[in-house]
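Engineer: Heads up: the sequence lines are chains C and D, in that order.
Per our numbering, the first sequence starts with residue 1, numbered consecutively.
Per our numbering, the second sequence starts with residue 1, numbered consecutively.
Chain copies aren't distinguished; within one or between two, either way the pair holds.
20 Å max Cα-Cα, derived SDA-like pairs, lysine to any residue:
| no. | residue 1 | residue 2 |
| --- | --- | --- |
| 1 | Lys142 | Ala116 |
| 2 | Lys142 | Leu126 |
| 3 | Lys311 | Thr222 |
Keep in mind that the hints were calculated from the coordinates and are not lab data.
There are 2 protein chains.
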Amino acid sequence: MVGNHRIAAGWEMQVLHGEDHEGHPRLMKRKTLLRMQGGDGEGSYSRNSGMLQGGTLRTIGHNLADEISQLGTLTEVGPVRVADFGCSSGANALEWADLCASSIVRNYHQMKSVPAPEIQHFFSDLPSNDFNSLFRELVESKRPYFAAAAPGSFHGRLFPQHSIQIAISIWSLHWMSKIPETVLDASSPAYNKGQVWLDSRNPSKAAAYSQVARHDLLSFFTHRACELEPGGIVSMMCMSRGEHEKPELQCSDEFQEANPGGGLLEQSWEELIAEGVISPKELDTFNIPVYHLSIEEIKEAIDQTSAFEIKQLEVRRDHL
Amino acid sequence: MVGNHRIAAGWEMQVLHGEDHEGHPRLMKRKTLLRMQGGDGEGSYSRNSGMLQGGTLRTIGHNLADEISQLGTLTEVGPVRVADFGCSSGANALEWADLCASSIVRNYHQMKSVPAPEIQHFFSDLPSNDFNSLFRELVESKRPYFAAAAPGSFHGRLFPQHSIQIAISIWSLHWMSKIPETVLDASSPAYNKGQVWLDSRNPSKAAAYSQVARHDLLSFFTHRACELEPGGIVSMMCMSRGEHEKPELQCSDEFQEANPGGGLLEQSWEELIAEGVISPKELDTFNIPVYHLSIEEIKEAIDQTSAFEIKQLEVRRDHL
Numbered sequence: 001m002v003g004n005h006r007i008a009a010g011w012e013m014q015v016l017h018g019e020d021h022e023g024h025p026r027l028m029k030r031k032t033l034l035r036m037q038g039g040d041g042e043g044s045y046s047r048n049s050g051m052l053q054g055g056t057l058r059t060i061g062h063n064l065a066d067e068i069s070q071l072g073t074l075t076e077v078g079p080v081r082v083a084d085f086g087c088s089s090g091a092n093a094l095e096w097a098d099l100c101a102s103s104i105v106r107n108y109h110q111m112k113s114v115p116a117p118e119i120q121h122f123f124s125d126l127p128s129n130d131f132n133s134l135f136r137e138l139v140e141s142k143r144p145y146f147a148a149a150a151p152g153s154f155h156g157r158l159f160p161q162h163s164i165q166i167a168i169s170i171w172s173l174h175w176m177s178k179i180p181e182t183v184l185d186a187s188s189p190a191y192n193k194g195q196v197w198l199d200s201r202n203p204s205k206a207a208a209y210s211q212v213a214r215h216d217l218l219s220f221f222t223h224r225a226c227e228l229e230p231g232g233i234v235s236m237m238c239m240s241r242g243e244h245e246k247p248e249l250q251c252s253d254e255f256q257e258a259n260p261g262g263g264l265l266e267q268s269w270e271e272l273i274a275e276g277v278i279s280p281k282e283l284d285t286f287n288i289p290v291y292h293l294s295i296e297e298i299k300e301a302i303d304q305t306s307a308f309e310i311k312q313l314e315v316r317r318d319h320l
Numbered sequence: 001m002v003g004n005h006r007i008a009a010g011w012e013m014q015v016l017h018g019e020d021h022e023g024h025p026r027l028m029k030r031k032t033l034l035r036m037q038g039g040d041g042e043g044s045y046s047r048n049s050g051m052l053q054g055g056t057l058r059t060i061g062h063n064l065a066d067e068i069s070q071l072g073t074l075t076e077v078g079p080v081r082v083a084d085f086g087c088s089s090g091a092n093a094l095e096w097a098d099l100c101a102s103s104i105v106r107n108y109h110q111m112k113s114v115p116a117p118e119i120q121h122f123f124s125d126l127p128s129n130d131f132n133s134l135f136r137e138l139v140e141s142k143r144p145y146f147a148a149a150a151p152g153s154f155h156g157r158l159f160p161q162h163s164i165q166i167a168i169s170i171w172s173l174h175w176m177s178k179i180p181e182t183v184l185d186a187s188s189p190a191y192n193k194g195q196v197w198l199d200s201r202n203p204s205k206a207a208a209y210s211q212v213a214r215h216d217l218l219s220f221f222t223h224r225a226c227e228l229e230p231g232g233i234v235s236m237m238c239m240s241r242g243e244h245e246k247p248e249l250q251c252s253d254e255f256q257e258a259n260p261g262g263g264l265l266e267q268s269w270e271e272l273i274a275e276g277v278i279s280p281k282e283l284d285t286f287n288i289p290v291y292h293l294s295i296e297e298i299k300e301a302i303d304q305t306s307a308f309e310i311k312q313l314e315v316r317r318d319h320l
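This is chain C alone, in the form it adopts within the complex:
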């Protein structure tokens, strides 16, 4: 039997149940697959992300549009290829694709003498993302680009070298590639007991998360540097913490207030324990792979890659 538990609107976790040899119910295997919930049902990402993302589009969308509109000629020959890393499904993915395409067209329109190139937009996310839903929405109206999808983790290579001109990543880079090993080790001071988030003020735990997250970000920029054509751009937006805030302070009261989803997630786990679906000990093996980077950590990864020049880097508090 598979039980689908909605742990926060838009996210899905699967718990598998079975029976032991005496017929008693027991937890057979818990898949730690955590992803945006597909489809268009009540708890789907598609139905629960509009307000959040709409705000993002309003606040930072025009920055991206301006940036693209000032890029000049994007390729010597061939189409302009855009890749959205961590696109998820739902209307938001399409809105960002439309924004990129219209900005590219405006750019060439301004140059007048140069004809507008064709555009190929790659929607990229983990293979478990609901691409079927995304493609259904995609065909509902004609769009000014050739659509394609690239399934895979943005912590690895996804495209041939120098084949992308514009890379975007919207509210995705706080997802880590894995949970730090010490966070799962009961004998370590970084052990995340009784919680699913890095939401305490324990410096050991925060350091362990920080180490993995910084490695992931360096990896992200290294792979994008290889995939991007020289002169291409990366435009990214992710959950972050304030400037000069220590890693262990990333989930500050201010953040919790702005992001009540974190609290709901903890509540859902408590309900699962109360229902006897999981034990408190099992809770300790489950952790959400999210880390809020600081401006300094982002700068560090970009400097280490030695392939990018920072054009704009800011912390905004108005989009949550």
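Use these hints to put chain D onto chain C, whose structure you have.
Structural biologist: Same frame as chain C, but now just chain D:
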């Protein structure tokens, strides 16, 4: 209520039911969506196509591999891009992708002085294709290409111009873009009464199918000519009829014997009528958009496109 009827292993049709204002059951809307059945359940394409496609891979796969291995340098710069038009889901799509990639690598290995390029393989099919299943299988092992998907109909444009080097289409081009209007018109001699296939010997009906199918094929080659880089190749394999066989003879006794799935499909419709799910009249509105092209019709479309040179064209009877 939605009833999923397995009308032949690997194919799926949806029938929607409801109640009229007096509470009697009635057919609300029949979606004429006909596609390969997704997932990996009993009736899925994935579980029911192995033997059929395995045979295809053995018999014509080596032709394609040889052809690719003799192509020389495929691009001046950048990756080699392969597109599979009508890929469906399941292991078959991956086997053809692997075959193309290994043939490209062998080609460059033979040339010795030229380093092998990176490969990007596009899986392309209708947006209703089960790409989620395909992507799940894709990640099970590391593959020698960057995988991507392009959702859409191969009767239209799917890629930027000159961006593909190798186009393949395996057992897909017998699918038409639509059913001829006269076939749905009760007053026309081409009306397909009591059947779901073009399986009679009625010349009017066959001519109507032939007209749409020839237009579709010309459209397929025109779009591929635009998408392919000069020097690129198309390798296609589809259900066809024998040389010099008239359109109305395409579903000959020999074909029926080799393709018993057609008969099972008719049987399934008869069962739906017997169960009262649909009426005989409703059967007349449903037709399978399949036409078996002749060698002459394929030659005609290629000649009309004026963009391709035929390197090899043959009818084989040994793969069914």
